[in-house]
Every structure is written in structure tokens, then in C-alpha cells.
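**Student:** One letter stands for each residue in the lines below.
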Amino acid sequence: MKKLLKIYLQKPELAGIVLLAVLIGLFQVRSQMIFLSAENIRGVLGVLPEVGLVAIGVTLLMICGEFDLSVGSVFALTPMSITLLMNAGVPFWPAFFIGLVVAACVGLANGLITLVFNIPSFITTLGMLFIVRSLTVVLSGGFPPNLPIERMPAELFVSFIGPEGLFRASFLWFIAIGAAAAFLLSATNLGNWMKATGGFLEASISSGVPARRVKLFSFVLCSVLAGFAGLIQVLRLGAALPSIGDGLELQAVAAAVIGGTALSGGIGNVLGAVVGALLIRVIDNGLVLTQVDANWFKFAVGSLTIFAVVANAWMRRTARHLKVQL
Amino acid sequence: MNTLSSTSHDTALRSYADDDTTADALSTSTALMAVRNLHKWYSGVHALKGVSLEFKRGEVVGLLGDNGAGKSTLIKILSGVHRPDEGEILFQGRPVRIPTPKAAMQLGIETIHQNNSLVPNLSIARNLFIGREPLLFSLFGIGPMDHARMRIDAVKAIADVDLHLRSAEALLGELSGGQRQGVAIARAMHFKSKLLILDEPTNHLSVKETDKVIGFVRGLSAQGITGVFISHNLQHVFHSCDRIVAMARGEVVLDRPVAQTSIEEVTEML
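Chains as they are written, first to last, in the working numbering: chain A, 6 to 331; chain D, 11 to 280.
Mimicking DSSO-like on lysine-lysine, the simulated pairs with C-alpha atoms at most 30 Å apart in a straight line are:
1) D:Lys-166 - A:Lys-7
2) D:Lys-166 - A:Lys-11
3) D:Lys-166 - A:Lys-16
4) A:Lys-303 - A:Lys-16
5) D:Lys-166 - D:Lys-204
6) D:Lys-218 - D:Lys-204
7) A:Lys-8 - D:Lys-166
Bear in mind the hints are in silico, worked out from the structure with no lab data behind them.
Between the sequences and the hints, there should be enough to build the whole structure, so can you do that?
**Tutor:** Take a look at the structure:
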């Protein structure tokens, strides 16, 4: 019993799932049973992959002990690059590839600047947030370019599939990438190194972990995931807006933190990020359905973030004091 | 010592080393590791000023010195954390370069660093294998870890150093200082280190735990492992080491078998 409690307390994402169930129940009752209708679930799950993919990338990077605030801007830059390339005559797949390379380059720049000059990634990526957003707007010329959607295999990313068209193709991408990321983090040596790098940098270096390369990889991965998520949103909206993803970086950090990722690094997991992102989407949607003024959304996410960090810290402390046999 | 193997070793060396260093190499053929004329500067500070030392096989050397004497710098060079600006490192008679901690480990040099070289948020098993995880398969050195093997080997490695923990799955952060030090030692032993460097391993330990670590250091010779023991506690060092090396201001100021010196003499040198 005590052991089970300890295991539970050590896994903040489980608490997130309980909270999620409570909120869903509450919204379901308050919305006259509309919340769990197929149509509404379709809406929530259609948007989830976009926030969720960004949250996964941000979580992995935070576990390494670094931040990326530029994900919202990369979220706009990648689809913008792809759109402009296609308008210049490049077929979809090469353009898609180049778009992801552009995202990777931003991630690489974030990582190199942070590591070479030994400055906080908070600062590097805050700068990059403005730089990349500005680039995106300049590239677009100030208004959304025509999206050649007829030349894009949009059905691969956003078509409705599943029973009653309950979710979009993007949801499958999300599940697949999430599963791969979870495997990477918990089962591979690279995942071990990510946790070690963020957990205790000096010890990981002296144990022979290539900490700099691990961090660089995570910066790049985080950026690429953000770029890919941005493309999904653009295909869903049918327009390459230069303004998409504004504020997304903070939502992604909030999702990671709500899911139990420690700001100091070393602790966190992919399921937590997914639960965190889902909680944010459920709150957003639930508030609208229960006819609460939508402006309370940010209030709710903010409160939840603070609450989650306080609760997680408490849970971790309690778990440590729970002496079970070692 | 072992005449046969050392002879063949020397022959190999002779063809390797150029003429004027052959004599030198021969004289150190019993040394597991040797450094010659090491220099290190840290942004204008001359931290090591031509340090030359030898570590013989199965010998435990006590490295003493006040803060800033250069002990830590020397240790960091031996363990691949820093690189010397000048000088030569010989391992088993051959000149080597130790550019990374990984390179040091591959040579058989394990280091237990002052502030503990383990990661608190990982399990004991993961800590034991960090940087050297056994993999089921790998692509460019990355692959899924062999969890089953890690668990079994971890339990064995811990038991081998007489540390009693029920599970290798507990987080390292939940262990006491002594238990953590035990895990670090278990790791060094599991990977069959030839040279074990212990940098202030008894800091923050209880008396009982300290005794255990000292006992372990004394037992290194019997296992044929060369030890380098760094401590501020002269009693501990005199109790467990065969030879005393004292450093001050970046230089070796004393290098003598423990029987030929005394705590008083060393204290004066520091």
C-alpha cells in the first residue's frame, strides 16, 4: 500500500490524469452532456496534436536542463517556408523537407549559441523568438500568401479518420511521435543521458556522457517538432498565417510543467507533456461549452500551472519521506 | 615482478619509443601510469608547474595538498575532464592522450569525484551504467538499453562491494552519502578499473561510513588495483596508503613511501 502510494506520488502525470477525469466529468455535467459528444471530442482532438507535439519537444529539452521559447515562432516559420517554396514551384515533399531543415537550423543555432557562449538558453531562445517571428512576417510580406493546398497531401495530416471521424490524421502522427519520444526517453541510452545531463551536468560529463551533443540534439528535435506541428495547423486552417503560434511557447512550457517536468531539469516524461497539453485543451474547450467568459481561459491555465508546480513539489517531497524498503 | 610479461612488454616498447626515451620507458615499466612535466594554466594562473609522478601497479598513493595546490587539476587531467597544456602522460608504458572522461574510462581509469559523480534523479542501476549502458542493438551508438542485464549486473556489482540495498531501482537521491559513495565504488569495480582515483571520498560521511571507505582503499592493493586517494585528513591517508605525494603551489614537494615520512613532516611541507 505504502509502496503504491509512493509510486503514485513519484508520478505527477498520474495526478494530472485524475485531474483530467475530474474536469471532464465537471464539464460534461455543466455543458448538458455536450462536452463528450463526438463532435466536441473531434474538435478537441483535432487541435491537441498541434500543442501536444510542441509540448513534447519542449519537455524533452527541459529534461536536458534547457529552454526553448522560440517554438511558437518556428511553428509559423516552417509552414511559411514550405508555402513560399511551393509557390516558387517546388513540389511538396522537397519543400516539406526543407521546411523541417529550416526548423532544425533554428534549433541548432539555439543550441550552439547557448553552449558556445555559455549563456542561459532562456535568453538565446527569447532572442530567437523575436528574430524568427520577424523573419516569418518579412518573408510573408505582411499578409498570408496563397496556400497551394491542392498540391499538398493534406489528407495525410488533417483528414478525419477513425470511427465517426473522431480524430484527424494528425492525431495518429501525434500518437506515433509521442510513443517514439517516450521510448527514446525511457528505454534508450540517449534518454538516460538526457535525464543525466539535466539532472546533474558535472556528474554526467565526468561519467562520459557527451552532454553538449545531447543538448544540441534536443534543441534540434524540439525545433523540428514545433515546425512540423505548425505545418499541421496551417493545413487544418487552410491558410499560412504569419501570426500562428503566438504565445504557444508559454502554453507548451505550461503543459510540460503541469505534466510534472521540473524547471531545473532531469525530471519529466512524455506522457506528462501529453496530459498537460490535453488538460489545457480541455479547459479551453470546457470553459466555452459551459458558457464561461472565454477570457477566463488564461486565468485557468495560469492557476493550474502554479498549482501543478506546488503540488508536484509537495508530492516529490512526501514521496521521498515515505520510507519503503530500499 | 612478472618477468615474462614485462620483458615482452619492453620489447614492444622499444620499437615504439624513439631511442633517447627508451631508457626512460624501461625504468617505468613497472609503473601503471606516469606523468611527465605536466603544465596547466587557467586564464593566467599557473596551476600545474611541471608535475612528474608515477603510479605503480597495485600501489595506493595518498595525494595531499592545501586548497589550490593543484591536486584537483592533476586529477582532472588524469580523468580526462581537463587537458594538460604541456607534458606527457604514459599509461602502461605507452604515451597516451586523454581527451575525454570516456577515453580515461576506456584506459581503465575510474574517478570518484569530490561532489559525487552520480546523478540523483536516476536509479541506482542507471547510475552504474551511465555513459556505458549495455544496449540490445545500436545505431550510431544509440539504442535501447538492456534493462534486464543492467538490473542483474547492478545487483551483483552492489553486492560485490558489500553494500546492502534491496533494489537497484531506487533513485540514487534517496540514498545516504555513504551508500552513494558505495554505488560509485561499485561502478568503478564493476568496470574493472586499473587505476582508481578517489577525490575526497570521505567528505560528508559518517564515521562508520568513512571507516568502510578507508577499509576499501586499503584493500585495493590486494586486488592489484592502483589507487590515488585524495583527502584533507592526513590520518586517513597515512592509514591507508603506501606512498605519500604532497603538492603545494602547483608542484610536487614530497614523494616518499609512507614509512619514510610522518604527518609532522607533511604538515610542514604543505
